[in-house]
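Novice: Line by line, the protein sequences are chains A and B.
Anchor point for the first sequence: position 333 equals 333 in the numbering used here, and the numbering is continuous, going up by one each time.
Anchor point for the second sequence: position 264 equals 686 in the numbering used here, and the numbering is continuous, going up by one each time.
Simulated from the structure, these hints should not be mistaken for lab results.
Worth double-checking, as some hints may not be accurate.
As the list claims (entries may be wrong) - Computed from the model, here is a short list of chain A residues facing chain B with C-beta under 7 Å:
1. P179
2. Q242
3. S243
4. L245
5. P385
Stated by the list, open to error - Okay, derived cross-link-like pairs now, BS3-like style, lysine-lysine, Cα gap no bigger than 27 Å in a straight line:
6. B:K573 with A:K153
7. A:K284 with A:K358
8. A:K170 with B:K639
9. A:K403 with B:K573
Here a beta-carbon is modelled for each residue, glycine too, at the ideal position from N, C-alpha and C.
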Amino acid sequence: MKAKLIGSAAIAAALIGLGSLQASAADLVLSLGTRGYGAAAERNLAAFKELHPDIDVEWNKVSDVPNETRKIYVTNLTARSPTPDVFAVDVIWAGEFAQRGWLDPLDGLLSAETIASYNPAFLEAAQVDGKTFAAPLYLDGTHLFYRTDLLEKYNLEVPKTWEDLISASKTIMEGEGNPQFYGFVSMWAKIEGLFMNWLSFTNGNGGGFYDADGNVAVNSEANIKATQTMVDMLYADEIAPQSILNMRPDDARTLFQQGRAAFLMVQGFVYAPLAAPDSPVAGKFDFTRNPYFEGHPDAHSTAMGGWFLGINPNSENKEAAAELIAFFTSYEQELQAAVQDNRAPTVPAVYDDPEMKKANVLAKFGKNYDVGVVRPSAGTGEMYPRVSEIMQLEVTNALHRQKSVEEALNDAQAQIEALLAN
Amino acid sequence: MKLASALDRRRHLTGYAFVTPTILVIVAILVYPVIQSVVLSFGQSSIDGSTGYTFVGLKHYASLMENERFWNALTVTLIFTVLTIPLELALGIGLALILNEHFKGKGLARLAVLFPWALPTALNTLMWRWMYNADFGLFNAVALQTGIADKPINWLGDPTLAMLSMVIVAVWKTSSFMALIILAGLQSIPKDLYEAGRMDGMTRWQEFREITLPLLKGPILVALVIRSMDALRTFELPYNLTDGGPVTATESLSLYAYKVIFDFIDFNFGAAVVVIQFLVIFALSLVYILALRPKD
Numbered sequence: 001m002k003a004k005l006i007g008s009a010a011i012a013a014a015l016i017g018l019g020s021l022q023a024s025a026a027d028l029v030l031s032l033g034t035r036g037y038g039a040a041a042e043r044n045l046a047a048f049k050e051l052h053p054d055i056d057v058e059w060n061k062v063s064d065v066p067n068e069t070r071k072i073y074v075t076n077l078t079a080r081s082p083t084p085d086v087f088a089v090d091v092i093w094a095g096e097f098a099q100r101g102w103l104d105p106l107d108g109l110l111s112a113e114t115i116a117s118y119n120p121a122f123l124e125a126a127q128v129d130g131k132t133f134a135a136p137l138y139l140d141g142t143h144l145f146y147r148t149d150l151l152e153k154y155n156l157e158v159p160k161t162w163e164d165l166i167s168a169s170k171t172i173m174e175g176e177g178n179p180q181f182y183g184f185v186s187m188w189a190k191i192e193g194l195f196m197n198w199l200s201f202t203n204g205n206g207g208g209f210y211d212a213d214g215n216v217a218v219n220s221e222a223n224i225k226a227t228q229t230m231v232d233m234l235y236a237d238e239i240a241p242q243s244i245l246n247m248r249p250d251d252a253r254t255l256f257q258q259g260r261a262a263f264l265m266v267q268g269f270v271y272a273p274l275a276a277p278d279s280p281v282a283g284k285f286d287f288t289r290n291p292y293f294e295g296h297p298d299a300h301s302t303a304m305g306g307w308f309l310g311i312n313p314n315s316e317n318k319e320a321a322a323e324l325i326a327f328f329t330s331y332e333q334e335l336q337a338a339v340q341d342n343r344a345p346t347v348p349a350v351y352d353d354p355e356m357k358k359a360n361v362l363a364k365f366g367k368n369y370d371v372g373v374v375r376p377s378a379g380t381g382e383m384y385p386r387v388s389e390i391m392q393l394e395v396t397n398a399l400h401r402q403k404s405v406e407e408a409l410n411d412a413q414a415q416i417e418a419l420l421a422n
Numbered sequence: 423m424k425l426a427s428a429l430d431r432r433r434h435l436t437g438y439a440f441v442t443p444t445i446l447v448i449v450a451i452l453v454y455p456v457i458q459s460v461v462l463s464f465g466q467s468s469i470d471g472s473t474g475y476t477f478v479g480l481k482h483y484a485s486l487m488e489n490e491r492f493w494n495a496l497t498v499t500l501i502f503t504v505l506t507i508p509l510e511l512a513l514g515i516g517l518a519l520i521l522n523e524h525f526k527g528k529g530l531a532r533l534a535v536l537f538p539w540a541l542p543t544a545l546n547t548l549m550w551r552w553m554y555n556a557d558f559g560l561f562n563a564v565a566l567q568t569g570i571a572d573k574p575i576n577w578l579g580d581p582t583l584a585m586l587s588m589v590i591v592a593v594w595k596t597s598s599f600m601a602l603i604i605l606a607g608l609q610s611i612p613k614d615l616y617e618a619g620r621m622d623g624m625t626r627w628q629e630f631r632e633i634t635l636p637l638l639k640g641p642i643l644v645a646l647v648i649r650s651m652d653a654l655r656t657f658e659l660p661y662n663l664t665d666g667g668p669v670t671a672t673e674s675l676s677l678y679a680y681k682v683i684f685d686f687i688d689f690n691f692g693a694a695v696v697v698i699q700f701l702v703i704f705a706l707s708l709v710y711i712l713a714l715r716p717k718d
């Protein structure tokens with residue numbers, strides 16, 4: 001009995017020891033997904049290791065679904081865990097996390113020169129009370145990907161408007177005659193990506209989250225019409241599959257890559273897998289700006305996103321963490337990420353580099369960003385997650401025909417007004 | 423006399439010394455969080471302690487009562503429980519009866535039955551999610567190729583189908599747990615009872631009704647209480663299978679509480695949800711215990 005007790009005590013002690021060993025194995029823990037910045041991060045980390053052989057970095061490859069990663073951060077940061085030291089911050093979290101004290105101010109840790117090198121408009125999302133809380137890593141946005149071979153086969157133009165896209169989809173679907181081939185796929189599951197979609201559609205119709213005076217105007221005429229088009233794509237035009245309501249970006253991308261969809265509207269990261277040599281659609285696709293509605297050619301319909309790197313206030317290696325951030329967001333590393341992986345730089349000077357001429361795809365992405373629209377995270381601050389949840393839920397209600405579009409948007413408007421009035 | 427009482431006291435002290443560590447652990451990991459949740463649910467505070475705790479009384483409970491999403495979550499949870507438990511119980515008893523018989527490969531069969539239960543729920547659920555997938559999933563591939571369906575069925579995208587899909591996964595996974603507990607009960611029933619029954623000319627059905635079932639009351643109660651608590655707390659299943667969707671058709675109380683706490687970072691309101699959930703589970707357990715109490 002006694003021996004057994006001692007034995008289990010020893011095992012427990014060993015386990016505890018193992019746990020603490022594991023926690024302190026690396027000097028720095030970097031938390032970053034692989035989908036958007038994986039290849040660049042791998043290259044950067046290898047180069048960083050050569051430059052700083054004394055700093056051991058562990059890369060925690062977190063989920064690429066932002067809301068899942070967010071939960072990890074909320075847990076760790078609430079519990080004041082010292083890891084991750086450096087973590088990727090979605091542009092929509094930056095203001096909120098800074099307000100909650102979950103990001104360490106970078107002023108003083110990064111040189112003033114480094115901070116001044118970033119795109120000031122984008123950096124604003126991470127600035128509170130004149131302090132900078134995160135460094136921008138790359139810009140991202142949604143684009144319309146299409147099958148060049150199919151457009152050619154049916155003698156169709158690249159669609160500029162939603163009206164064009166719907167009729168082109170019908171022509172192609174009819175011609176292909178395959179019940180498992182769809183016109184349009186995107187990320188319409190109840191995720192942040194759905195809100196991005198909604199912003200693309202509504203802004204494309206001259207609407208949007210705010211009206212011209214900056215008031216929340218979710219249930220405007222223009223928005224109702226645009227949202228109705230989304231619903232009709234499912235049930236009236238039948239160019240989108242029912243399953244679009246469960247799709248996250250990669251589900252939609254997979255379908256398009258298998259050759260089972262004509263149009264795909266998601267973020268630019270899908271370009272690399274779609275263009276890979278073993279991809280069934282390699283060489284058969286291209287992309288353009290997101291469509292707009294007839295009569296709104298100047299509409300800003302590219303829903304924008306992007307990522308920052310920030311430092312955990314409880315990190316035990318803030319200097320090394322800042323070193324890593326400075327390296328990742330340096331001119332040379334951002335240039336390589338641009339040229340090799342089409343990641344849009346956040347250091348404007350990079351765009352003038354002669355090497356950028358090689359980055360054709362990125363140049364085209366960049367043109368779409370000129371008609372970009374951001375989510376209302378700066379204006380709603382700590383309330384943004386709830387605002388986004390309300391929008392996701394009510395738009396989903398409309399897409400599932402649980403409510404009429406007008407009802408759903410009226411409800412969203414009322415809930416958001418009540419929330420922001422508090 | 424004096425010596426005896428001193429001895430007694432010492433014996434008591436030793437007893438207390440032995441149970442103290444256990445009680446401390448239970449207080450730390452069970453009692454303290456429960457009390458903390460109740461305290462949180464009656465107040466307003468910030469998670470990092472930057473602003474102090476202020477008592478707000480029943481404010482969170484009052485707004486819960488008006489909250490449509492909370493009532494939906496409660497309804498979803500109850501429907502899920504009511505659908506899964508009887509199915510699991512029926513299947514569990516059936517499986518246990520089969521496994522209690524002597525046949526070749528009994529060991530293997532027992533292992534196979536336990537398999538779904540032994541795998542982590544999250545893993546199981548992700549596997550099922552792939553099989554349910556409307557575009558790449560197994561079920562639709564079979565349905566389309568055999569001509570049962572002429573277009574893909576959106577298993578997890580339709581409110582009713584999504585709930586049924588979730589029930590199927592739960593029943594598949596946990597019937598074996600019911601079976602395990604009931605099997606243990608079956609094996610403790612003395613064989614001579616059946617022999618006596620056979621001498622009196624009982625049929626197999628009579629044996630089951632008059633001997634097996636009454637003597638299984640205890641194990642069944644245990645299995646029911648544990649599984650009902652599990653079902654009322656279900657989290658990994660909807661979280662991984664549907665994320666509560668479509669809309670909120672499969673959003674359980676636990677999932678709703680989780681979203682309030684970790685997405686909206688509102689610990690006080692979330693605590694109120696959790697306390698209500700606690701009361702529901704407590705009430706149901708009482709009902710079971712009273713209903714299945716031995717008659718004598």
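Novice: Of the numbered hints stated previously, which ones are contradicted by the structure, given in increasing order?
Specialist: 8
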